[in-house]
Amino acid sequence: MKSKIQRGISLYSFQEEMFLGRMSVEDVVAFGASIGAKGIEILPEQNMPTFPNITDQQIGEWQDMLARHGAHFTCYDMFLDTKRRKDRLMSDEEQVESIHRDLVLCNRLGIKNMRILIFVRPDILEKCVPMAEKLDVHMGVEVHAPWYLDHAWILRTIEVADRLKTKHLGILPDMGIFMKHYPPAFRARFERQGARPEVTQFIVDQHEQKVMCEYTIYEVAVKMQGNKAEVAMAETLRHAPYANPKRIGDFAPYFRHIQAKFYEMNEDYTDPALAYDEVIPELVKAGWEGTLSSEYEGNRWIQDVHEVDSREQVRRQHVMFERLIAKAEAELA
Amino acid sequence: MFDKYIIDPASVANTGPADAPTGFSFTTKLGYYRGLGLSMVEDLKVSIDGEALPREAVLFDEGQGPLTLDQMEEAFDRRWAFGAPATITVALEGGFPKGEHKLTLQQRLRISYMPFPSFNNDEKVISF
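Chains V and W, in that order, give the protein sequences.
Here the working numbering is used: the first residue of the first sequence is 1, the next is one more, and so on.
Here the working numbering is used: the first residue of the second sequence is 334, the next is one more, and so on.
Simulated from the structure, these hints should not be mistaken for lab results.
Keep in mind that the hints are not guaranteed to be accurate.
Said to hold, decoys possible - Within a straight-line C-alpha distance of at most 30 Å, the following computed DSS-like cross-link-like pairs (lysine-lysine) qualify:
{"#": "1", "chain 1": "W", "residue 1": "K435", "chain 2": "V", "residue 2": "K228"}
{"#": "2", "chain 1": "W", "residue 1": "K378", "chain 2": "V", "residue 2": "K83"}
{"#": "3", "chain 1": "V", "residue 1": "K285", "chain 2": "V", "residue 2": "K2"}
{"#": "4", "chain 1": "V", "residue 1": "K167", "chain 2": "V", "residue 2": "K285"}
{"#": "5", "chain 1": "V", "residue 1": "K38", "chain 2": "V", "residue 2": "K134"}
{"#": "6", "chain 1": "W", "residue 1": "K337", "chain 2": "V", "residue 2": "K86"}
{"#": "7", "chain 1": "V", "residue 1": "K228", "chain 2": "W", "residue 2": "K337"}
{"#": "8", "chain 1": "V", "residue 1": "K86", "chain 2": "W", "residue 2": "K378"}
{"#": "9", "chain 1": "W", "residue 1": "K457", "chain 2": "V", "residue 2": "K228"}
{"#": "10", "chain 1": "V", "residue 1": "K83", "chain 2": "W", "residue 2": "K337"}
{"#": "11", "chain 1": "W", "residue 1": "K378", "chain 2": "V", "residue 2": "K228"}
{"#": "12", "chain 1": "V", "residue 1": "K165", "chain 2": "V", "residue 2": "K112"}
{"#": "13", "chain 1": "V", "residue 1": "K38", "chain 2": "V", "residue 2": "K2"}
Using the sequences and the hints, build the whole thing.
Rendered as structure tokens:
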């Protein structure tokens, strides 16, 4: 069975190098293309300094730049500043207007997928569906830890999409929801901040057994009299779900793009924390068509001691993707 | 996520006449993975050796002209771009104190999707 999964990168992955001015957007696109990851996910509010004022000339320059590397856009990551004003939240009308602004820019860039922040209300999105349909942009609500595919908040979006019978509203999973093992990079950072190894081992063991996080937090904070770093580490468990990969097939009709979150890759091209080895076979089995878009988020966990090398991390993840996709294809043949 | 890069320690300089400085300035980047409208920067708390300087003494300029922090909260049409240096100027008679001192900056941001404010902290030892 030949998979229709494509590989790409989010510009988010290179935030360390871009923030420090060590890589330009074009450097990132060129690197992606060099490893066969030609689908580019953009965060206009990160990568377009004049946002939200983008001229046709600027759009032309972006398209030319992508063409130089044989690359293409895959997804537009929107934001919604409901707290723009200190004295009040944005009204519903202002929220719709802001999302319309993004849908229009997304369409002008020729992008068909928009990542919707998970906190955006389903009833606001419902009001945006006509514009999304008109511009042919799929609005995918980011299913980000600690939420997961079956979470009631996510099911509300699915309910709206089903009721409207629209192909332009759905979800967009972030692979951080499949945290099967506690990330070693997190643990190491907390140990550098003063967490004792016996306490970090306890937290890792509890996560490995999928003990509900509040038990562990209480044990560490109260019974073990955990220090600041230990309590902070225990509290990360609130954002460390291991969603059931077997549910992917049921949700596959609702998503067209994946944020392939990761924190660190092993040298042997395996992910020590996220269950890609279980997720990718399910995607292949479902015949899912879309882009696995690298979202490296490890910089913040290692930058206190190591030089961050986002290129090497992303490269390793793509070797893993190629291997896991080929393996799943062979097994389903 | 970028705390350690927020203050550029090489940028610290006095302002006003060289023999009678009226304050000091330094460049800073927004500790966030995207740009942000200035109205969502709630506070830029500058401290020297742990002592906070008055909010009223602080001016911010991302390149479009200096604003007080109160004006910044009403600046709905201006943005601080990702990775872009901005200048903070602090009124302080005599300028930055001579010798070795700790300069601290805390950025307090109102990020709409987060349930609580976001704090970014950096501290650099400045020899002046």
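Hints violated by the structure (numbers, ascending): none
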